[in-house]
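Assemble the whole structure, with the sequences as input and the hints as a guide.
Listed in order, the protein sequences are those of chains A and B. Numbers in the working numbering are just positions in the first sequence, counted from 1, shifted up by 14. Numbers in the working numbering are just positions in the second sequence, counted from 1, shifted up by 62.
No lab work stands behind these hints: they were computed from the structure. Quick caveat, the model's predicted, so the values are computed rather than measured. Careful, some of the hints might be misleading.
Unchecked claim - Output of the computed footprint for chain B on chain A, the stretches with three or more beta carbons under 8 Å from beta carbons of chain B: (1) 21-35; (2) 101-107.
Unchecked claim - Reference listing, derived: stretches of chain A covered by chain B, where coverage requires no fewer than 3 residues with Cβ under 8 Å from a Cβ of chain B: (3) 61-72; (4) 89-95.
Idealized CB from N, CA, C, for every residue including glycine.
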Amino acid sequence: MVKIQLKEIVFARSGDKGDVSNIGLMAKSKNIYDFLVKTITPERVKEHFKGMVKGGVEIYPVPNIESLEIILRRALGGGATCTLRFDQTGKSMGQALLRMEVQVDETLLKEAEITDKEILRRYSPVSRSNGQPIKR
Amino acid sequence: MKKVRIGSGSGFWGDLLEPALEMAERGDVQYIGFDHLAELTMAILNRMKTKNPESGYIQDIIPWMKKLLPISVPKGIKIITNAGGANPLQAAKEVNKIIQELKLGPMKIGVVYGDDILPYIDETRAQGWKFKNLDTGEEDIDRIRKDIVAANAYIGADLIIEELKKGADLIITGRVSDNALYVGPLMYEFGWNYSEKYIDQIAAAVTVGHIIECSACVTGGMSNMWQVSERPWEIGFPIAEFYENGEAVITKTQGSGGIVNPWTVKEHLLYEIMDPANYMMPDGIADFTALHLIEEGMNRVRVTNMKGKKRPDTLKVCIGYRDGFIGEGLAFFPWPDALEKAKWAEQWVRERFKCLGVKFEELRIDYMGVNMLHGEAAPIEDKDFNEVGLRIAAKTKTREEAEVVRREATHLWTMGPIGVSFGIPLDVRPVVALWPSLVPREAVRVESHIMEVNK
Numbered sequence: 015m016v017k018i019q020l021k022e023i024v025f026a027r028s029g030d031k032g033d034v035s036n037i038g039l040m041a042k043s044k045n046i047y048d049f050l051v052k053t054i055t056p057e058r059v060k061e062h063f064k065g066m067v068k069g070g071v072e073i074y075p076v077p078n079i080e081s082l083e084i085i086l087r088r089a090l091g092g093g094a095t096c097t098l099r100f101d102q103t104g105k106s107m108g109q110a111l112l113r114m115e116v117q118v119d120e121t122l123l124k125e126a127e128i129t130d131k132e133i134l135r136r137y138s139p140v141s142r143s144n145g146q147p148i149k150r
Numbered sequence: 063m064k065k066v067r068i069g070s071g072s073g074f075w076g077d078l079l080e081p082a083l084e085m086a087e088r089g090d091v092q093y094i095g096f097d098h099l100a101e102l103t104m105a106i107l108n109r110m111k112t113k114n115p116e117s118g119y120i121q122d123i124i125p126w127m128k129k130l131l132p133i134s135v136p137k138g139i140k141i142i143t144n145a146g147g148a149n150p151l152q153a154a155k156e157v158n159k160i161i162q163e164l165k166l167g168p169m170k171i172g173v174v175y176g177d178d179i180l181p182y183i184d185e186t187r188a189q190g191w192k193f194k195n196l197d198t199g200e201e202d203i204d205r206i207r208k209d210i211v212a213a214n215a216y217i218g219a220d221l222i223i224e225e226l227k228k229g230a231d232l233i234i235t236g237r238v239s240d241n242a243l244y245v246g247p248l249m250y251e252f253g254w255n256y257s258e259k260y261i262d263q264i265a266a267a268v269t270v271g272h273i274i275e276c277s278a279c280v281t282g283g284m285s286n287m288w289q290v291s292e293r294p295w296e297i298g299f300p301i302a303e304f305y306e307n308g309e310a311v312i313t314k315t316q317g318s319g320g321i322v323n324p325w326t327v328k329e330h331l332l333y334e335i336m337d338p339a340n341y342m343m344p345d346g347i348a349d350f351t352a353l354h355l356i357e358e359g360m361n362r363v364r365v366t367n368m369k370g371k372k373r374p375d376t377l378k379v380c381i382g383y384r385d386g387f388i389g390e391g392l393a394f395f396p397w398p399d400a401l402e403k404a405k406w407a408e409q410w411v412r413e414r415f416k417c418l419g420v421k422f423e424e425l426r427i428d429y430m431g432v433n434m435l436h437g438e439a440a441p442i443e444d445k446d447f448n449e450v451g452l453r454i455a456a457k458t459k460t461r462e463e464a465e466v467v468r469r470e471a472t473h474l475w476t477m478g479p480i481g482v483s484f485g486i487p488l489d490v491r492p493v494v495a496l497w498p499s500l501v502p503r504e505a506v507r508v509e510s511h512i513m514e515v516n517k
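Here it is, written out as structure tokens:
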């Protein structure tokens, strides 16, 4: 087992709906998804954000895309149009969640690394064009 | 099998225009949807309309249509836009003038309106309906009634379909849900209606609409794929290739920059939604937990097995009301001891506010570069920062009090610690708070008609 931050094993993106901050958490492998379902609880998420989340936390599993939808209520200082927060629409909330520390089996970390490498291999513009300039 | 190619040309007010023009030129699309309305936008547009009855729509559509229509009209691409905002009729008149100037007629403009429920909101309440606040649970709008500046229902695709059936070449709407800009053309093309028979097909259209409606947000913008996005400065906007069997391929304009892959589609499926099994839109409820994503090739993701439920009996309504003012100030402190200087300045400002006896509804002070974004969730590093900013923001009942915040923050520039750096003062801004609620579908008096444009 190793202690890591969530950023090693998931992707996150967040936005807003009124005073709700919604975070999509995407596992980098099926086993990581199973781990998230067991590990990421509403209590733990609320505790992670300290006083930033004033309301309840709900977590919805989305197994078909190996992701979680996390709903943080009363988390944006009243909502985008009246909040005093600089990040009015909570775009940085998902990244804040990536700081959470978890204990994982090393195999999960390896699987995440494989996914990261595969993304670079498959999609980086250089590898896609085989080193040639990309034609428009 | 019949397929329809539909693209997103705009995801918000102020979006890039070039990707939409590029899509019209070589995206091989039949429809392009343009969303310009965010929650706050309707309140701004309503205020404009109160000052000048001939405004209240997204004025950007005038220069946009001048560039777009000469490309889209000869190709027969239909534009569906909610740029009508608070005044779709005036927007249609303006676009009518452009079509005549450019000699692109004859054309039919479909105009969809009646989403503004403010004129009869008290009548609806008198009939027993309560506008409960979905965020706070507050039962009705009595407390804010006198401060309401906008109340718009998010209407569905019904009347877009109606106008397409009448032969509309271009549709301009008010607060139609972003999603309906895409669901409308798909339902029209495939001949679907709201009966039980087409529930999953409509849910598929709702899902696909959700995936593409924020333009660049599914093609590599705001994405975890930011490091592998191709020529992101020439980002392309998304196109859905929708098949009669209820499957769709998410892609983008051929040759454009950006990226579409299963990760960008996942990111957007999960974006700004509540329960993923019940994504509620005026035209249907989509279940995102059943679908499958298949990467068919570079920048092509197929979405299959989309399911859902019948459309709800209520429509979402967004009520905007005046709720005081925000005053802000910024100052920056350089190394050495940047954080200590910022803390000193925070105390200075707090003491000044005490001396002046200003009352705030709320006061917030952040250290930029230290904890402004992640707040209490971020540890403060023990180091000598290169620079730290101080952001002071306060919410007040009156504009005068908000001005005090702004002024005291600028005094810090000459009375603060050594090295304080500053830019220009920030303007005080009025706050329009939002009250999300529901309204019975049949209580919303929607209307639509065709405006004929002559040669």
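Hint-by-hint comparison with the structure:
Only when three residues or more bring their CB closer than 8 Å to a CB of chain B does the claim for the region 21-35 of chain A stand; here the count is 9, and the claim holds. For the region 101-107 of chain A, the stated coverage by chain B holds: 3 residues have a C-beta nearer than 8 Å to a C-beta of that chain, and at least 3 were required. Using a Cβ-Cβ cut-off of 8 Å, 5 residues of the region 61-72 of chain A lie near chain B, which meets the minimum of three, so the contact claim holds. With 5 residues having a Cβ less than 8 Å from any Cβ of chain B, the region 89-95 of chain A passes the three-residue criterion, so the hint holds.
Hint check: no violations occur; every hint is consistent with the structure.
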